[in-house]
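Engineer: Work out the full structure: start from the sequences and follow the hints.
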Amino acid sequence: MSTAWHMDDELAADYARGRTGPTLAASVEAHLLACAACRGKLAPEVPRARLDRVWDEITAAVDAPRPTSFERLLRVLGVPEHTARLLAVTSSLKPAWIAAGAVALLFAALASGETSRFGTLVFLAVAPILPVAGVVLAYGRGADPAHEIAFAAPYSVVRLTLLRAAAVLGVCVALALVIGLAVLGDGGLMAVWLLPALALTTLTLALAGWLDPLMSGGAVAALWFAGFAAVAVYEVRPVLFGSVGQLASLAVFAVSAFVIFIRRREFS
Amino acid sequence: MNDTVVVDDVSKSFGRSRALSGLSFTARKGVTGLLGPNGAGKTTLMRLLATVLAADSGRVRLLGWNPVYDRLEIRRRLGYLPQEPAYQRGFTVFEFVDYVAILKEMVDRRARHDEVRRVIGEVGLADVSGKKIRTLSGGMRRRVGIAQALLGDPELVLLDEPTAGLDPEQRLRFRALISRIGENRTVLLSTHQTEDVAALCERAVVLKDGRCVFAGTPEELRGVARGRVWQSPRRAGVLSWRTGEGDFRNIGSPPADATLVPPTVEDGYLLLLDGDKVEAAV
Ligand SMILES: Nc1ncnc2c1ncn2[C@@H]1O[C@H](COP(=O)(O)OP(=O)(O)O)[C@@H](O)[C@H]1O
Ligand SMILES: [Mg+2]
Ligand SMILES: [Zn+2]
Chain P
1 MSTAWHMDDE LAADYARGRT GPTLAASVEA HLLACAACRG KLAPEVPRAR
51 LDRVWDEITA AVDAPRPTSF ERLLRVLGVP EHTARLLAVT SSLKPAWIAA
101 GAVALLFAAL ASGETSRFGT LVFLAVAPIL PVAGVVLAYG RGADPAHEIA
151 FAAPYSVVRL TLLRAAAVLG VCVALALVIG LAVLGDGGLM AVWLLPALAL
201 TTLTLALAGW LDPLMSGGAV AALWFAGFAA VAVYEVRPVL FGSVGQLASL
251 AVFAVSAFVI FIRRREFS
Chain R
1 MNDTVVVDDV SKSFGRSRAL SGLSFTARKG VTGLLGPNGA GKTTLMRLLA
51 TVLAADSGRV RLLGWNPVYD RLEIRRRLGY LPQEPAYQRG FTVFEFVDYV
101 AILKEMVDRR ARHDEVRRVI GEVGLADVSG KKIRTLSGGM RRRVGIAQAL
151 LGDPELVLLD EPTAGLDPEQ RLRFRALISR IGENRTVLLS THQTEDVAAL
201 CERAVVLKDG RCVFAGTPEE LRGVARGRVW QSPRRAGVLS WRTGEGDFRN
251 IGSPPADATL VPPTVEDGYL LLLDGDKVEA AV
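Residue numbers (full-length UniProt numbering), protein chains in the order written: chain P, 1 to 268; chain R, 1 to 282.
Read the hints as simulated data drawn from the structure, not as lab findings.
None of the values given here were measured: they were computed from a predicted structure.
Some clues are possibly wrong.
What the hints assert, rightly or not - From the structure, some residues in chain P lie toward chain R, with a derived Cβ separation under 8 Å:
{"id": "1", "residue": "Pro145"}
{"id": "2", "residue": "Glu148"}
{"id": "3", "residue": "Phe151"}
Built from N, CA and C at the ideal position, the CB exists for glycine as well.
Structural biologist: Following this line, the structure appears as structure tokens:
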């Protein structure tokens, strides 16, 4: 395809001065990548330094990975480029997973409508578990097939894990807030599950120091649902979301974070 | 001394199975081949040197650092190709190597991308750098693994069975590539193919049941079988197989009238592995 035509002097001069339209420029650039003769023709038209810079940018643009929309969003939020790339490869931050999470929340929210016997309880039970599932996916062996290579790299495994967990938590909280407010429309209700979500996620990470992440996440979810059911049987508005529950969540979070901190070497 | 890798009396067990038991050897700049049958402990040793595993006992020094205390310093100077590595499915070659480059603390995007392009070029994959890894052949995938191991010009390169499953032509290209890498670095390469060692290693270490049973040059490994390989019309010796010409090639203690033939590195290796049987037959 690239040998069907070559640049004549006029086109070279136009391109060098930026007088070609974007479509023609793109096609010239595609051709330049494959044709050394035309690159040579362009050289006298452009100051050397500028040519080198243009050339660098072209090769960089051609084979460098295109940032995903999630990555671009992170960049906008001020996350550095390399960190955004590390986060973007996390499976539970992929559009498919986020969509699945949104659907799960949506059903939970709909099931929590006025007609349900337990009211908003279904939503409150599901919302804090979503980030746990996300973290299990982000941290499990299957999530990073090249984990053996990642282990041997200088980047801290704990840091990588916490970074991904934080991103997953952030995405889940944003999702649950938006869906909860849209479907249930109760702002106060939206605040009560934040601390339990943080506690359960941190507990999952802390337990993952001993257990397989899937086991750890499963254990935390089972614990949560059991506790939730037990409390829900006795009270309509469960203690879990009252001040007792909030304090307990805070305690679980603090202990789990401490465990992660002192065992940070064992993680890698 | 100039030893860049020192392993001294190292043991490692998984539950009740002992993968390494009292292993000692040293390596320096150049390519050192780790030979051993399946289960000899090669991968366990590689993972230990890659700081992915910790030894139960014994001492290890890598590039002058102790992996127990200076893990980060070692990781900053290390390139590691695990045995049968898996890659992220949807990644292109460039994306995967770029991902590893970030994990290797290369922060500046422009410089990092230049380095990624350099290592991809070095293994001859520049043409497919935008292709998804899952569409590549096994040999090309192996080269992706080598490319990431070269990021940042590491002083110590660990390659766990990089030639397994390659066809003869790919093997040749690999050997050329690996010996080029070994010109100014310490390369440790595990394999169970003696031809790899004969063709490209300056030194060979033979592992058996988690112990070092030989360390020396490939020529010295060949020397192990000197005077102990002969050809005869009948089966004899401890190890014996029919050659293309119809004669038997025998390894062991030759009879007085035997027609001795020059040994190969393979003969020396086989003799080491079955040494107890050979001694018993004397
Ligand atoms: N992660 C592991 N868990 C349990 N046993 C292992 C593990 N890795 C290796 N082993 C055992 O250690 C021994 C040495 O294995 P390995 O180091 O893989 O040898 P090689 O690479 O030479 O084939 C084998 O008996 C193997 O079963
Ligand atoms: Mg192995
Ligand atoms: Zn041209």
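Engineer: Please go over all the hints and tell whether each is borne out by the structure.
Structural biologist: Hints, verified against the model:
| no. | hint | verdict |
| --- | --- | --- |
| 1 | Pro145 | holds, 3 Å |
| 2 | Glu148 | holds, 4 Å |
| 3 | Phe151 | holds, 5 Å |
The structure is consistent with each of the numbered hints, conforming to all of them.
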